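Turn these sequences into a full structure, and let the hints steer you where they fit.
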Amino acid sequence: MMELTLIILILLAGFYMSWSIGANDVANAMGTSVGSGALTLRRAVFVAAILEFSGAFFFGSHVSKTVQSGIINAEIFAPNPQILVYGMLSALIAAGAWLQLASYYGWPVSTTHTIVGSLVGFGALVGGMEAIYWDHVGFIISSWILSPILGGILGYYIFTLLRKQIFYASDPVTAAKKLTPIFVFFVIAVFAIVLLFEGIGNHHLDLTTPEVFFWAVCIAGVGAVISHFIVARIEHTPVEKPHPVYGPDVITALEKAGKHLRRVQAATAGEVQYNVSFLIEEVDEINRSVRRTAEVADSHAEYQKVEQIFAFLQIMSACLMAFAHGANDVANAIGPLSASIAILTSGTIAASAPVPTWALALGGAGIVVGLATWGWRVIETIGKKITELTPTRGFAAEFGAATTIVLASRLGLPISTTHTLVGAVIGVGFARGIGALNLTTTRDIVISWIVTVPAGASLTIIFYFVINTLFGT
Amino acid sequence: MLTILSLFGRSPFAPLKSHMENVSRCVLKLRPLFEAMEAMDNDAIERIAVEISEQEHLADLTKNDIRNHLPKSLFMPIDRSNLLKILSIQDSIADCAEDIAVVATLKPLKLLPSFKQDFYHFLDKNIEAFHVVHQIIHELHDLLESSFGGLEAERVRIMIDDVAFKEHEVDLIQRKLLKNFYNAEEEMPYSSFHQWQSIFKALGDISNLSENLAESIRMTLVLK
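Protein sequences appear in the order of chains A and B. 37 is the number of the first residue of the first sequence in the working numbering; add one for each residue after it. 4 is the number of the first residue of the second sequence in the working numbering; add one for each residue after it.
Calculated directly from the structure, the hints in this document are not laboratory data. Since this is a predicted model, take the numbers as computed values, not measurements. All residues carry an ideal CB built from backbone N, CA and C; glycine is no exception. Possibly wrong hints are sitting among the right ones.
Said to hold, decoys possible - Restricting the straight-line Cα-Cα distance to at most 25 Å, the calculated cross-link-like pairs of lysine to any residue (SDA-like) are:
(1) A:292 <-> B:24
(2) A:420 <-> B:69
(3) A:421 <-> B:77
(4) B:20 <-> B:175
(5) A:341 <-> B:17
(6) B:32 <-> A:320
(7) A:421 <-> B:167
(8) B:88 <-> B:67
(9) B:113 <-> B:124
(10) A:341 <-> B:152
(11) B:227 <-> A:197
(12) A:341 <-> B:141
(13) B:75 <-> A:474
(14) B:204 <-> B:145
(15) A:213 <-> B:154
(16) B:179 <-> B:154
(17) B:20 <-> B:141
(18) A:421 <-> B:75
(19) B:204 <-> B:175
(20) B:20 <-> A:298
(21) B:75 <-> A:485
(22) B:88 <-> B:16
(23) A:295 <-> B:9
(24) A:200 <-> B:47
(25) A:213 <-> B:145
(26) A:341 <-> B:200
(27) B:32 <-> A:321
Unchecked claim - Reference excerpt, derived from the structure (chain B facing chain A, CB under 10 Å, subset only):
(28) 10
(29) 11
(30) 15
(31) 24
(32) 47
(33) 71
(34) 73
(35) 78
The structure is reproduced here in structure tokens:
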């Protein structure tokens, strides 16, 4: 009976964690594509759901295994395996609580850091210092610092490449068309290498390393050729977005609005008047732009076309990002869950139990549910607010971040996808790509690194004692 | 958990453009001001001076707003000090226009036929120089998009050269204007003479400042 309650509790906690990952963090991958108009919200949610799930399901085992058995030395708890189950459960609950608190106050806290902090806190205080694989933990912590830096370096160089080859070219649109297949090649190649290496275990596709590279190059080559034709076709069809034609009623209404605002301006003074004058200016600006939409579109046509071409690439990089995110972050929920379920069902501790496939599917499903119930709202918010990340910028940042995350996932390192993306965006900014970056965020992130681990650890201890008194013998 | 949102700061470029709009409204009122002076319409002069001063005040508010929201931690594609310099030059242009309007209201002035032609020529050239630099600020959006390089930078560079050339033309016209003006010293009282001198000085400053502004923008470009 007790065990059944525990299993249900653990499943609920694990599902809640994966729900929260889906609700909060998927937006990082998809938000900007929605914002730039490359994807509609509905399509973005659909694509993200598929890729997050497949990332978690096919590629999530490496990091999950690290969280499951790479941080705490389970054999220390062999005499009394129940303790480890309580610990894993309290780590999940503590991480959930800490994330709630952090999102309430708007701290840039990472799910990954919280879970690792919770596990380390529990292991070190309950099992003693020797219960933690400190060398692994050191490795993980150094990856937290290295991953944003690597993401930043990649973002910087990818955007510098775009800038030098496309924006500084005498004909940006042709240059963008020439470069697109090359970028498509690299994005698909990263994807294919990852999937083919993974295919070995799951689908009995036994490929040697050279074979993997051969097939990856083939698939990427086909993708590049297809993209070449798609991009070439853009030239023939008129690329100008159809502008909505505004009727005269719109213009008269705008003029009326301006007239009324001017009345308000005349009748007020001080701050109100100042604010109203801004409104008037804005109304006038809209008025002018409504009248001259065609003219404006003409003069900025070449850069707009470049952005249109990159909208396709941005969708691809967003997909890679969603996949990488699913692969890395599902571990935060599934690692502790599968560790404790293994103990509860078998009654003993297996030092290196494999991560069960159903657990990965559960985590993936949790992410998808989180995305469907709450995450889409966050995607919408991010899409509306981050207008500066146009397709070229978004592609550079997302491709840089996703490559880093895929690499870390392959190495089994649980890293923060958000912080990596922040690093990549800053990299793009340093390549003169973004109007204004708020670098205080980096300071907040560093503070969150320092605070999260002890906070997660102490919360876990509290929950551990609560659970121990409720269920303990 | 919207860490990524907090990363994007408030971009100063849109307010910078709107500041320039305010400045341009000051400068574009100068021509009507002197036309009113020619028509000896003192009420119109007063009214235009008040309008210019209002616009200048609005420009000041925008300027303060930009400065208040420009923390050291904000990372921009152009140097922070350069941005502040651009802003302060834009503001000085508005100040110049306001100075001219104030001097014009101090005591009724007469636009004498001996230098009227040259004066309008001088006025229009100054406004033209300003107009080009105004266009440059308008292009900022495209400059940001192209990371301050390529075609767009080339286009802006040509405009900057144009401002410099117009400033040079202003100097030539000013020489001719001053010659005629000094020769006409007997036709006006000393106070008018001094008023005119201040007006010429401030008007000439508009093109000088426009050139400085254009040069500051050139510093941000990546040219081959």
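At a threshold of 10 Å, is the proposed contact between residue 10 of chain B and chain A supported by beta-carbon distances? With a minimum Cβ separation of about 5 Å from chain A (threshold 10 Å), the hint on residue 10 of chain B holds.
Taking only the CA atoms, is the gap from residue 88 of chain B to residue 16 of chain B under or equal to 25 Å? 13 Å, holds
Need the status of pair residue 295 of chain A, residue 9 of chain B: alpha-carbon distance at most 25 Å? 37 Å, violated
Hinted pair, alpha-carbon criterion (25 Å max): residue 113 of chain B, residue 124 of chain B. Please report holds or violated. Status holds; Cα separation ~17 Å.
Given the hinted pair residue 213 of chain A and residue 145 of chain B, is their Cα-Cα distance within 25 Å? 20 Å, holds
Does residue 24 of chain B hold up as a contact with chain A if the rule is Cβ-Cβ below 10 Å? 7 Å, holds
Is the hinted pair residue 341 of chain A and residue 17 of chain B satisfied, with a Cα-Cα distance of at most 25 Å? Since the Cα atoms of residue 341 of chain A and residue 17 of chain B sit roughly 22 Å apart, the hinted pair holds (cutoff 25 Å).
Between residue 420 of chain A and residue 69 of chain B, does the CA-CA distance stay at or below 25 Å? 23 Å, holds
Holds or violated: residue 227 of chain B with residue 197 of chain A, Cα cutoff 25 Å? 16 Å, holds
A closest beta-carbon separation below 10 Å is what the hint needs, so does residue 71 of chain B meet it against chain A? 14 Å, violated
Hold the hint about residue 47 of chain B up to the distance rule: shortest CB distance to chain A must be less than 10 Å. At about 20 Å, which exceeds the 10 Å cut-off, the nearest Cβ of chain A leaves the hint on residue 47 of chain B violated.
Hint consistency between residue 204 of chain B and residue 145 of chain B [alpha-carbon to alpha-carbon, up to 25 Å]: Given pair residue 204 of chain B, residue 145 of chain B is violated - Cα atoms ~34 Å apart, limit 25 Å.
Consistency with the previously given hints fails for numbers 4, 7, 14, 16, 23, 24, 26, 32 and 33, ordered from lowest to highest.
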